[in-house]
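Following the hints, complete the assembly by docking chain E onto the known chain V.
Here the protein sequences come in this chain order: V and E. Sequence positions in the first sequence follow our numbering and run 13 to 174. Sequence positions in the second sequence follow our numbering and run 13 to 174.
Hints are all accurate, no fakes.
For identical chains, the list gives no copy identity; a pair is met inside one copy or between any two copies.
Under the rule of at most 30 Å between Cα atoms (straight-line distance), these lysine-lysine pairs were calculated in the BS3-like manner: (1) 131 x 88; (2) 92 x 50; (3) 50 x 131; (4) 55 x 88.
None of these hints come from the bench; they were simulated from the model. Predicted model only: the values in this text are computed from it and were never measured.
Number of protein chains: 2
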Amino acid sequence: MRVLGIDCGSQRTGYGVIDSDGADHRMVVAGVICTSPKWPFEKRLLEIANGLRSLIREHHPEFGAVEEVFHAANAKTALKLAHVRGVALLAIAEAGVGFAEYSPLEVKMSVVGYGRAEKSQVQVMVRSLLHLSEAIASEDASDALAIAICHATHEATSRRLA
Amino acid sequence: MRVLGIDCGSQRTGYGVIDSDGADHRMVVAGVICTSPKWPFEKRLLEIANGLRSLIREHHPEFGAVEEVFHAANAKTALKLAHVRGVALLAIAEAGVGFAEYSPLEVKMSVVGYGRAEKSQVQVMVRSLLHLSEAIASEDASDALAIAICHATHEATSRRLA
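Isolated chain V, as found in the complex (with noise of 0.2 Å):
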């Protein structure tokens, strides 16, 4: 299966495509849709949402997953988040593209199998599960691709319970 992960933010939007058996992973692209600050928001959403359009465009997720907005963060900061991940949510549905969600804990336990781990270790699983030579420049792409990989492995998993 295929799946784009993404790792919402109004500054940087993380990306990544991985093609999954469930338990061997592959990345087909990683990147970031940056915006900058001084563009009207709703600018910075367009540019964000035509980013991952293009990407469905081009890659043809079977799925699209993204993180659960954690309520408990800074009100400003989350609800900033929340109009990217509408968009977000809405370049899904709009290409009829399977959606899904976690919460950071699923994707670090899936990941690194640890709920509380590290964003460095994050990284190191991430590289290491997708048989990467080189690091991954970016922590958003890398935290996309991590979304990605937890929900092709849940995915596996319902598939095989079905």
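Just chain E, lined up with the frame of chain V:
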């Protein structure tokens, strides 16, 4: 000028289009985009986005205006609302329509002349300002019209000052 006011909500998104010279306002259209809580959230966002896109295509507003999102309210509700608001801002940006946002206080001040006005007072004033012979059936549509009136008034004032 023609203004589209949007009152975002995941179950009910009110909309109202007015023509205005800043002092005299006329309603073009108003209503509500309803989505079912039974639908997956991403499908509801898609329904709202497509509803707003149709409206913009049909009525060609110069401006789209929405209320600022409130931080104080129930965190879960505010986050859901922010998703819808992200989609509304995207629809506005996609169409190249001017974007404006106002606090609930500004909207009430501009329509009722009193920032702590009750919902029913807003409804009465919206009806009166738009010279409507009948009451507006939906509170969400009335709130959206209030936002549109607020922007028309502010925009006219800024033009006069410029």
